Amino acid sequence: MTEASSSSATGIDRRCLLAATGAAAVALGLDGGRSVYAQAGAPAAATPAPSPDAGKVSLERLPGGILLIGIDRAQAKNRLDPPILIGLGKAYYQLDHDDSLRVAVLHGVGSDFCVGLDVPAFNAAAAAGILPPKDPDFIGPAGIDQRRAKPVVVAVQGAVNSIGHELFLAADIRIAASDTLFAQLEVANGSFPAGGATVRFSREAGWGNAMRYMLTGDKWSAEEAYRMGLVQEITPPGKQLERATDLAKKVAAVAPLGVRAALASAHEAIAPEETAFKSLRPEFQRLQRSEDAAEARNALQQKRAPVFQGR
Amino acid sequence: MTEASSSSATGIDRRCLLAATGAAAVALGLDGGRSVYAQAGAPAAATPAPSPDAGKVSLERLPGGILLIGIDRAQAKNRLDPPILIGLGKAYYQLDHDDSLRVAVLHGVGSDFCVGLDVPAFNAAAAAGILPPKDPDFIGPAGIDQRRAKPVVVAVQGAVNSIGHELFLAADIRIAASDTLFAQLEVANGSFPAGGATVRFSREAGWGNAMRYMLTGDKWSAEEAYRMGLVQEITPPGKQLERATDLAKKVAAVAPLGVRAALASAHEAIAPEETAFKSLRPEFQRLQRSEDAAEARNALQQKRAPVFQGR
Amino acid sequence: MTEASSSSATGIDRRCLLAATGAAAVALGLDGGRSVYAQAGAPAAATPAPSPDAGKVSLERLPGGILLIGIDRAQAKNRLDPPILIGLGKAYYQLDHDDSLRVAVLHGVGSDFCVGLDVPAFNAAAAAGILPPKDPDFIGPAGIDQRRAKPVVVAVQGAVNSIGHELFLAADIRIAASDTLFAQLEVANGSFPAGGATVRFSREAGWGNAMRYMLTGDKWSAEEAYRMGLVQEITPPGKQLERATDLAKKVAAVAPLGVRAALASAHEAIAPEETAFKSLRPEFQRLQRSEDAAEARNALQQKRAPVFQGR
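Chains as they are written, first to last, in our numbering: chain A, 354 to 664; chain B, 354 to 664; chain C, 354 to 664.
Careful: at least some of the hints might be erroneous.
Chain copies aren't distinguished; within one or between two, either way the pair holds.
[Unchecked claim] Heads up, simulated DSS-like pairs for lysine-lysine below, C-alpha to C-alpha not over 27 Å straight-line: (1) 656 with 603; (2) 602 with 572; (3) 592 with 572; (4) 602 with 487; (5) 656 with 602; (6) 631 with 430; (7) 603 with 572; (8) 487 with 572.
What the hints contain is simulated information worked out from the structure, not anything from laboratory work. Given the structure is predicted, the values throughout are model-derived calculations rather than measurements.
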């Protein structure tokens with residue numbers, strides 16, 4: 354991105370330039386839905402070699418129809434990269450389409466749930482044509498493109514940032530270890546939370562509580578998340594997955610058709626939110642092309658505070 | 354229902370079979386709205402003799418325009434049977450149409466507010482053609498079919514289960530004794546909460562809090578209901594009706610047109626939820642025809658835990 | 354209004370009478386949006402002399418793009434009169450249209466935030482043709498007619514009543530001193546909260562919590578507002594503006610396009626509420642023409658409790 358931000362082009366010209374060069378940053382989207390990633394005219398580059406620290410998603414079936422889904426990239430605090438996005442989407446597809454599965458438990462391997470999005474890896478994958486996912490067996494894990502039919506219980510600990518918090522919000526029952534620290538950092542970082550937080554954070558915590566954190570980038574604790582209604586239970590550190598699994602066992606034992614019908618009815622009651630979901634990606638892409646987004650990237654590289662101009 | 358569950362028919366065949374036999378369970382609906390109960394081709398049976406333990410609704414006018422509405426079937430923990438449903442619906446109609454009435458206080462006689470629905474009694478009444486109510490002076494007390502124009506304050510104690518919790522959620526101001534225990538049991542029991550909980554529980558307590566209880570069947574306390582925002586005040590046991598009546602007196606003293614206009618405006622803001630309400634009964638009836646619903650009924654009869662198959 | 358309430362006309366006749374005389378009370382609206390005030394056929398009276406205790410709005414630019422907006426009529430507990438309404442609307446317009454501004458902090462000068470609406474002053478201004486505001490550079494501060502594009506942090510203390518509470522609810526982040534006392538008094542006073550409380554109070558605090566206060570006129574504390582999710586932080590008395598400004602500095606430092614896009618997306622998710630907003634003024638005007646509204650005004654003049662008839 355540095356060539357773009359060092360350009361002397363005007364805001365409009367810069368946007369054209371970015372589009373013309375197919376700059377990867379403009380191609381980034383969230384939830385990995387099909388036809389999501391603006392290709393911006395760029396021909397697909399050669400498939401990159403798999404990153405040595407690429408993430409993966411671990412899957413385990415527990416008795417009773419529970420699918421344990423682990424975000425597994427502890428060496429990078431579970432920063433969400435394309436393999437994790439694709440793995441989650443395939444796991445959620447499997448959950449919905451395998452009749453023997455009743456409920457999933459989503460968790461993060463290691464000391465953090467998910468520290469945010471691996472933007473460079475997403476950009477590279479988009480440029481390489483790996484994203485958006487081509488697989489038909491994929492349901493976006495942020496719950497933007499389609500409603501899941503079966504419930505997800507999430508267990509979090511450590512850092513739950515940005516897309517990590519959006520995956521958390523998209524889950525149906527939420528358990529947090531007492532050492533969890535949450536943040537919705539996109540706005541503070543010159544970007545835009547395109548994974549559902551603008552809709553779900555406000556709905557679940559209230560407008561004022563959501564804006565207080567989303568518009569400042571301040572972190573908040575598990576206790577504060579519990580107070581705001583985002584977390585159903587707090588556990589001692591390390592016990593969150595066990596507790597989430599206990600609850601999932603209960604969900605797995607009750608009538609599956611009732612579970613699905615209850616979820617569907619509750620989704621129907623908030624269906625107007627889906628209009629807002631449709632705007633998330635265009636807004637994200639528009640902001641990624643802004644001068645401020647370039648400034649944020651430069652400031653990060655140069656280890657200084659960004660100075661935003663609002664354009 | 355046992356003949357249905359012992360049938361070797363396939364799921365589809367079984368549904369046809371149930372429809373053809375006009376099995377009473379498929380005719381059950383909630384809120385008693387007109388044209389609610391699918392008659393499923395069954396000719397009306399002879400009117401059953403009134404049950405010796407049938408419930409009733411007690412009505413008392415308090416000074417100032419307060420209608421005290423009591424669910425009165427203490428011998429069965431106020432399990433809601435057709436006479437109670439009809440009595441409540443007529444009381445709510447009276448509230449809305451009698452200009453001298455300003456507000457109602459809904460409560461349960463005895464040690465429990467309402468332990469749930471009397472499914473056999475509903476089935477018998479539907480088979481007998483008593484339900485749906487034919488009376489024009491009826492407003493469904495679960496608030497699914499139409500919006501009430503005047504407010505209801507509810508006072509609860511003891512067990513507040515399933516349809517009991519839905520009547521509670523449909524009220525406008527909610528007072529609970531500290532010994533109250535809540536549960537939304539339908540999903541756990543192989544059925545579906547068709548009285549508004551999928552919509553109102555999620556809206557009032559937050560998605561995660563509602564799903565945590567609705568999808569497990571776990572009970573929760575008055576204190577937890579207060580924390581989740583469902584209850585406005587907790588009183589010592591036995592004081593809940595007095596406190597609810599005190600608040601109703603205040604509501605009765607302010608300008609009635611303002612009260613009605615404020616309620617109407619607040620309802621208009623959440624009008625999209627009414628789309629979800631329209632789906633509740635078809636979903637309920639669909640699930641009642643499922644194999645799992647039959648399994649739940651069998652397990653209950655046989656005093657064993659049900660084993661659900663998701664069909 | 355006294356002649357109207359002493360009239361022996363029927364309800365319908367009285368409404369006609371009021372309309373024919375262009376009684377000022379029927380012309381009152383909130384949010385000052387254009388084409389808001391029903392002129393009721395009355396010719397504009399002569400412009401009244403400015404009131405000696407008329408309010409004003411103080412504006413101050415703080416470094417970093419923060420607009421400090423002060424409701425300044427401490428001698429009348431910041432009762433909102435037409436100059437304050439117009440001043441707020443112009444300040445909000447300036448906020449949205451001045452690219453160097455990022456966020457506003459709204460506060461009240463003196464010991465109260467805003468004790469309510471100055472109804473006689475509004476009636477006089479409407480009769481004089483001063484209201485509705487003719488200025489194109491005006492955005493209604495109650496957020497009924499259009500969505501603000503930039504965020505407002507509000508700091509409150511002392512009395513926060515009626516339209517004061519609605520301005521508070523319309524803000525995006527809310528800080529309260531521990532000595533704050535809130536009330537939504539319109540319904541208790543024979544009127545109707547037409548500035549958004551019916552929509553936002555219910556959404557933010559939950560239906561039951563909002564109705565418990567809105568339908569009784571009871572006051573509530575900062576602690577209770579915090580519990581209900583309406584307030585993000587409580588400060589010691591006198592520290593609320595400093596804390597609100599600290600948060601505004603953080604909002605001002607993050608990416609402005611992201612802030613605006615996040616607000617816009619969150620607004621889009623609750624867009625169905627705008628249908629309810631459209632009904633507020635007609636309802637307000639309808640209720641102002643009621644006998645009960647006249648009774649409320651008479652009772653106030655005669656220092657007695659009003660007796661409402663529901664017409």
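Compare the structure with the hints numbered earlier in the document and write down the numbers of the violated ones, lowest to highest. 4, 6, 8
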